[in-house]
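Sequences and hints are given; from them, build the entire structure.
Protein chains: 2
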Amino acid sequence: MFKSQLKAISSRIQRQFDDIFSELDVVSVTQAMAYATNGGKRLRGFLVVEGARLHGINIETAIWPATAVECIHAYSLIHDDLPSMDNDDMRRGQPTIHVKWDEATAILAGDALQALAFDLVSRHEVGSGEIRANLVSSLAKASGADGMVLGQALDISAETSQKKLTFEDITLLQQKKTGALIQWAATAGARLAGSDPTALTKFSNALGLAFQIADDILDVEGDIDLVGKAVGKDGEAGKATFVSLLGLKEAKRRAKELVNEACEALKEYGEKGENLRQAAHFVIQRES
Amino acid sequence: MFKSQLKAISSRIQRQFDDIFSELDVVSVTQAMAYATNGGKRLRGFLVVEGARLHGINIETAIWPATAVECIHAYSLIHDDLPSMDNDDMRRGQPTIHVKWDEATAILAGDALQALAFDLVSRHEVGSGEIRANLVSSLAKASGADGMVLGQALDISAETSQKKLTFEDITLLQQKKTGALIQWAATAGARLAGSDPTALTKFSNALGLAFQIADDILDVEGDIDLVGKAVGKDGEAGKATFVSLLGLKEAKRRAKELVNEACEALKEYGEKGENLRQAAHFVIQRES
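Chain order of the listed sequences is R and W.
Counting in numbering that gives the first Met the number 0, the first sequence tops out at residue 287, every number present.
Counting in numbering that gives the first Met the number 0, the second sequence tops out at residue 287, every number present.
Quick caveat, the hints were computed from the structure, so don't treat them as lab data.
Since the model is a prediction, treat every value here as computed from it, not as a measurement.
Cβ coordinates follow ideal geometry from the N, Cα and C atoms, glycine included.
The reader is advised that the hints may include incorrect statements.
As the list claims (entries may be wrong) - Restricting the straight-line Cα-Cα distance to at most 25 angstroms, the calculated cross-link-like pairs of lysine to any residue (SDA-like) are:
id	chain 1	residue 1	chain 2	residue 2
1	R	140	W	13
2	R	140	W	22
3	W	162	R	24
4	R	140	W	124
5	W	232	W	140
6	W	140	R	251
7	R	99	W	156
8	W	163	R	23
9	R	140	W	285
10	W	140	R	21
11	R	238	W	102
12	R	251	R	174
13	W	140	R	17
14	W	140	R	13
15	R	140	W	82
16	R	140	W	59
17	R	99	W	285
18	W	140	R	129
19	R	140	W	123
20	W	6	W	285
21	R	162	W	24
22	R	140	W	166
23	W	140	R	217
24	R	140	W	17
25	R	99	W	85
26	W	99	R	101
27	W	238	R	100
28	W	140	R	100
29	R	2	R	217
30	W	140	R	11
31	W	140	R	128
32	R	163	W	102
Claimed, not checked - Derived list of chain R stretches under chain W, where covered just means 3 residues or more per stretch with a C-beta under 8 angstroms from a C-beta of chain W:
id	segment
33	98-107
34	127-134
35	140-148
36	151-161
37	179-189
Next comes the structure, spelled out in structure tokens:
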């Protein structure tokens with residue numbers, strides 16, 4: 000049920016991207032934007048659509064913020080893969096943008112994807128002006144210097160710092176780097192409906208952390224062919240991760256505990272929350 | 000009158016930035032954001048505030064979109080200066096971000112400034128939800144793959160292309176690269192008031208083109224100490240510019256003609272448009 004729903008939502012997002020990119024001039028930057036948004040799990044977009052469904056908002060409305068959050072996610076990956084950042088040649092089993100095109104195209108495609116995200120959440124189809132402005136404001140905060148970008152900055156400074164990160168440091172870093180956007184995605188549906196996002200906030204905080212612990216586990220245990228990008232990089236770089244700090248066994252236990260917490264937070268939605276509960280379990284069982 | 004007003008608005012924008020950055024964690028990325036937004040002419044912010052005044056909107060409201068447009072402008076300069084883009088070491092007489100810090104910090108500071116721009120225009124102080132969403136939507140379009148980023152992409156592809164650009168090519172390129180954001184700035188006041196932006200659109204289209212012709216003239220005639228960045232680069236690179244296509248004399252004549260067009264467009268505002276008229280004259284007389 001979850002897997003077929005994830006697939007259906009992912010296809011719907013792809014159709015949305017196809018429409019959007021067909022309206023733009025064909026230059027290397029727009030080609031790179033289409034390439035970078037094509038593929039991936041689209042878990043963030045799924046969270047938007049499912050969170051919206053729990054609040055009675057249909058996919059034709061939710062598709063806009065769902066596509067927007069995938070734009071932000073894609074832009075962050077493009078910039079993160081650049082030589083001066085993580086310097087990754089492969090992503091989702093394909094050459095990264097700066098390898099397939101060049102660095103300038105990668106920088107500009109990322110920049111344009113960020114702008115596109117704000118274009119999409121502010122479209123008339125999304126709802127009242129108040130709701131659109133609220134989605135923009137929260138997305139900007141989740142993406143910016145107190146959200147995702149801060150997380151990336153902390154991550155980079157950790158790499159060059161002498162001081163090893165503590166568990167608390169890594170938790171904060173990850174809450175910013177991946178957690179803030181996951182939280183925005185999971186709560187966007189409540190914002191669309193003008194409803195209270197508390198339950199979905201709790202759900203997504205636990206989910207975001209479980210997601211990152213699972214990522215660290217994949218970096219140790221993952222199969223490069225399935226993960227689609229380099230693995231074992233963190234260990235080689237001597238980087239503190241949840242696995243290096245907790246040990247593999249404890250990291251797995253903690254991830255499972257967080258998934259249970261996430262599911263617990265959905266109690267008030269009853270049966271309707273089943274897809275999101277399955278998504279939480281998927282997050283720590285995935286192979287990529 | 001114009002010069003003292005430009006200075007007053009610039010100081011007000013600086014105070015706004017000081018407040019905003021004092022609320023962010025002090026990491027190299029936020030320091031770089033403050034550094035990159037400190038200085039410059041702030042002509043775009045001035046256009047927002049003056050355009051707003053023409054529509055009865057005071058500076059305490061207009062300061063938010065004025066600061067936002069300066070964020071977008073600053074981010075575009077940071078990314079444009081990167082080694083894989085224009086590779087400039089100096090900007091406003093100071094080392095560029097990737098020189099003073101490093102490339103990763105420059106990429107992230109630019110990314111966070113873009114997010115901050117959308118945070119600022121969507122704040123409650125700006126107006127109704129409808130007005131805020133309208134400002135976001137138009138700013139996203141002016142900045143993105145059909146606006147500023149498209150202009151930069153066309154500029155980069157022109158540098159590697161065999162084919163020399165025509166006058167029409169350069170006009171389109173510049174309308175996107177600098178014109179779209181200048182137009183947004185000049186029309187934001189009308190949007191804030193929910194009024195018709197037609198006159199300010201005409202004004203800013205002429206102004207934007209005059210601005211770029213003046214930039215090309217400065218690249219040929221400018222004093223490096225006043226311009227604050229490398230000059231003569233375009234000529235050395237064999238790049239087609241308004242000056243190389245029109246000749247210096249005709250470029251100056253055309254710039255003056257455009258300034259007259261810009262002033263003409265302000266007729267309906269009478270005396271109240273005087274600051275903007277002086278701004279248009281300043282654009283082609285400036286030394287930096």
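Results for each hint:
For the suggested pair residue 140 (chain R) and residue 13 (chain W), the alpha carbons sit about 21 angstroms apart, so the restraint of at most 25 angstroms is met. At most 25 angstroms may separate the alpha-carbon atoms for a hinted pair to count; residue 140 (chain R) and residue 22 (chain W) meet this at roughly 13 angstroms. The straight-line distance between the Cα atoms of residue 162 (chain W) and residue 24 (chain R) is roughly 19 angstroms, inside the 25 angstroms bound, and the hint therefore holds. Between residue 140 (chain R) and residue 124 (chain W) the alpha-carbon distance is near 16 angstroms, which keeps this suggested pair within the 25 angstroms criterion.
Our distance criterion of 25 angstroms between C-alpha atoms is broken by residue 232 (chain W) and residue 140 (chain W), whose separation comes to about 30 angstroms. Simply put, residue 140 (chain W) and residue 251 (chain R) have alpha-carbon atoms about 44 angstroms apart, too far for the 25 angstroms limit, and the pair is violated. Between residue 99 (chain R) and residue 156 (chain W) the CA atoms are separated by roughly 16 angstroms; this keeps the pair inside 25 angstroms, and the hint holds. Proximity of residue 163 (chain W) to residue 23 (chain R) is assessed by CA-CA distance (about 23 angstroms); at most 25 angstroms being required, the pair is judged to hold.
Distance hint between residue 140 (chain R) and residue 285 (chain W) is unfulfilled; the C-alpha atoms sit about 37 angstroms from each other, more than 25 angstroms. At most 25 angstroms may separate the alpha-carbon atoms for a hinted pair to count; residue 140 (chain W) and residue 21 (chain R) meet this at roughly 16 angstroms. As the CA atoms of residue 238 (chain R) and residue 102 (chain W) are separated by approximately 21 angstroms, the hinted pair is consistent with the 25 angstroms bound. Using a Cα cut-off of 25 angstroms, the hinted pair residue 251 (chain R) and residue 174 (chain R) holds, with the two alpha carbons roughly 18 angstroms apart.
This hinted pair checks out: residue 140 (chain W) and residue 17 (chain R) have alpha carbons roughly 18 angstroms apart, not beyond 25 angstroms. A threshold of 25 angstroms between alpha carbons decides the hint, and for residue 140 (chain W) with residue 13 (chain R) the separation of about 21 angstroms falls inside it, so the pair holds. Of the supplied pair hints, the one linking residue 140 (chain R) and residue 82 (chain W) is violated, its CA atoms being roughly 29 angstroms apart against a limit of 25 angstroms. Taking the CA atoms of residue 140 (chain R) and residue 59 (chain W), the gap is near 22 angstroms; set against the 25 angstroms cutoff, the hint holds.
A hinted pair counts as satisfied when its Cα atoms are at most 25 angstroms apart, and residue 99 (chain R) with residue 285 (chain W) does not qualify at roughly 41 angstroms. With a CA separation close to 20 angstroms, the supplied pair residue 140 (chain W) and residue 129 (chain R) stays within the 25 angstroms bound. A C-alpha spacing of about 14 angstroms is found between residue 140 (chain R) and residue 123 (chain W), which places the hinted pair at or below 25 angstroms, so the restraint holds. Using a Cα cut-off of 25 angstroms, the hinted pair residue 6 (chain W) and residue 285 (chain W) holds, with the two alpha carbons roughly 15 angstroms apart.
Under the criterion of a C-alpha separation no larger than 25 angstroms, the hint pairing residue 162 (chain R) with residue 24 (chain W) is consistent with the structure, at around 19 angstroms. Restraint check for residue 140 (chain R) and residue 166 (chain W): not satisfied, since their Cα atoms lie roughly 41 angstroms apart, outside the 25 angstroms limit. With a C-alpha separation of about 38 angstroms, the suggested pair residue 140 (chain W) and residue 217 (chain R) falls outside the 25 angstroms cut-off, and the hint is violated. For the hint linking residue 140 (chain R) to residue 17 (chain W), the alpha-carbon distance of about 18 angstroms falls within 25 angstroms, and the restraint holds.
This hinted pair checks out: residue 99 (chain R) and residue 85 (chain W) have alpha carbons roughly 20 angstroms apart, not beyond 25 angstroms. Only pairs whose Cα atoms come within 25 angstroms are accepted, and residue 99 (chain W) paired with residue 101 (chain R) is accepted, the gap being roughly 24 angstroms. With a C-alpha separation of about 22 angstroms, the suggested pair residue 238 (chain W) and residue 100 (chain R) falls inside the 25 angstroms cut-off, and the hint holds. Of the pairs offered as hints, the one joining residue 140 (chain W) and residue 100 (chain R) holds, with about 24 angstroms between alpha carbons and a cut-off of 25 angstroms not exceeded.
The hinted pair formed by residue 2 (chain R) and residue 217 (chain R) meets the criterion: a straight-line CA distance of about 20 angstroms does not exceed 25 angstroms. Proximity of residue 140 (chain W) to residue 11 (chain R) is assessed by CA-CA distance (about 23 angstroms); at most 25 angstroms being required, the pair is judged to hold. A hinted pair counts as satisfied when its Cα atoms are at most 25 angstroms apart, and residue 140 (chain W) with residue 128 (chain R) qualifies at roughly 17 angstroms. For the proposed pair residue 163 (chain R) and residue 102 (chain W), the alpha carbon gap of about 23 angstroms is at most 25 angstroms, so the pair holds.
Evaluation of the coverage hint for the segment 98-107 of chain R: fulfilled, as 6 residues show C-beta separations to chain W shorter than 8 angstroms, against a requirement of three. Here the segment 127-134 of chain R counts 7 residues with a CB under 8 angstroms from a CB of chain W, which clears the bar of 3, and the coverage holds. Restraint check on the segment 140-148 of chain R versus chain W: 7 residues with Cβ-Cβ distances below 8 angstroms, three needed, restraint holds. Check result for the segment 151-161 of chain R against chain W: holds, 5 residues qualifying (beta carbon to beta carbon below 8 angstroms, three or more required).
Only residues whose beta carbon comes within less than 8 angstroms of a beta carbon in chain W count, and the segment 179-189 of chain R has 0; fewer than three means the coverage is violated.
The earlier numbered hints that this structure contradicts are 5, 6, 9, 15, 17, 22, 23, 37.
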